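Student: Chain A is fixed; fit chain B onto it per the hints.
Sequence order for the protein chains is A and B. Following this note's numbering, the numbering of the first sequence begins with 145 at its first residue and continues without gaps. Following this note's numbering, the numbering of the second sequence begins with 441 at its first residue and continues without gaps.
Please keep in mind that the hints were generated in silico from the structure rather than gathered at the bench. It cannot be assumed that every hint is accurate.
Here are the simulated distance ranges between beta carbons [what the hints assert, rightly or not]: (1) A:Glu154 with B:Val499: 51 to 57 Å; (2) B:Lys459 with A:Ser157: 48 to 54 Å; (3) B:Pro506 with A:His185: 48 to 54 Å; (4) A:Gly206 with B:Asn533: 46 to 52 Å; (5) B:Thr618 with A:Asp199: 40 to 46 Å.
Remember, predicted model here, so these are calculated numbers, not experimental data. By construction, the Cβ of each residue, glycine as well, lies at the ideal position given by its N, Cα and C atoms.
Here are the chains, one letter per residue:
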Amino acid sequence: MNVSKSQTPECPSISDLSAWHDGEDCPAVDKHIQECRRCKHIVDFFGRVDQTLADSMQPPSGLNQRIVERCTQMSTTPL
Amino acid sequence: MSKTKDNLSDADVIDRFKKGDKEVFSILVERYSTRAYQIAYGVLHSREDAEEVAQDVFVRIYKALPKFRGDAEFSTWMYRIAMNLARNKYRWNKSRGAKQNISIQATRENNDDSGPGIQVSTPELSPDSQAELSEFTNTVMREIQNLPPLYREALVLRNVEEMSYERIAEVLDCKLGTIKSRIARARDELRKRLES
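Next up, chain A with everything else stripped away, as it sits in the complex (with noise of 0.2 Å):
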C-alpha cells in the first residue's frame, strides 16, 4: 500500500504520534488515527521498528550462567 509519507497541518505531531504509540492517552489521536492513512502508516512502522528491536535483542543461551561463574571465579581469586 503506497501511502503519502506527508502529514498533514491537521495531523498530530510526530511527538505526540509517538507518545500514544507508547500508551499515552490521547482521545484526539485515538480519533485521527482512524481516519488518517498517512499516521497510521507512521504509527504502524513504530510498531514494526519496536518488534524489530525485541526479536534482536533475545540473549544467548546460557548467559546466566556464564555471568554467575565469572563472579563466582572472581571471587575465589584473591585481588
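Tutor: Same frame as chain A, but now just chain B:
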C-alpha cells in the same frame, strides 16, 4: 516464615549478599541479565560485545554491591551501569573503526554463542516475506547504529521490556519531556532513512 527465592525483593537479596550469602547473587543475575544484554545489544549491535558488556555489568555489581546504599532502586543502578559500559564499548569500537558484521542467517532455535547475528525466526511467513523481514531487520539495526547516541539510547531503553518514560528519564538523568522528544526523533529519523 522465611521467604522463598522468588519472593525476595531486590533489597532482601542485597541484604543477604551483604551478610555473606553470595549465592543469592544468582537471583539478581536471573532477574536482570536479559535487560543488561538488551541494553548492550541495542547500543552495540553485536552479540559478542553485548555478552561481554552484560558480563562486565554483573562483575561491576558483584564488586560494588557491598557498598550499595540503595539511594536509587537496584534496577535503575543496574540500567545505568549497563548503559555506561555499552556506551564506553561503543566509543572504543568507534575509535578503532570496528566494522559491524551482521548475519541474519541464524534463527532463534540456533540461539548459541556462534557469533554476532540477529536472531529472528518467523516460521509462519513465506520465504519471500522472511527475506523481506530480514532485510528490514538488518536495515533497522544498521540505521539505529547511525542515530545520534542520545536518540539511540532512549529508543533502546524504551524497548527493554517497554521501560516507562519516567524510568528512562531517571536512568539517563533527563527530564521526561526530553525523553519523549528523543524517542520521537529517533523513530522519525529512522522512518525518514528507511522510507526515503
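Student: Now look at each hint and say whether the structure bears it out.
Tutor: Taking the hints in turn, this is what the structure says about them:
Checked against the hint of 51 to 57 Å, the pair Glu154 (chain A) and Val499 (chain B) passes, with Cβ atoms roughly 53 Å apart. For Lys459 (chain B) and Ser157 (chain A), the Cβ-Cβ distance of about 52 Å falls inside the hinted range of 48 to 54 Å, so the restraint holds. Between Pro506 (chain B) and His185 (chain A) the CB atoms are about 52 Å apart, so this pair conforms to the stated range of 48 to 54 Å. Evaluation of the 46 to 52 Å hint for Gly206 (chain A) and Asn533 (chain B) yields a failure: the beta carbon distance comes to about 24 Å.
Between Thr618 (chain B) and Asp199 (chain A) the beta carbons are some 28 Å apart, a value that contradicts the proposed interval 40 to 46 Å.
In summary, the structure is inconsistent with hints 4, 5 from the numbered list given earlier, while agreeing with the others.
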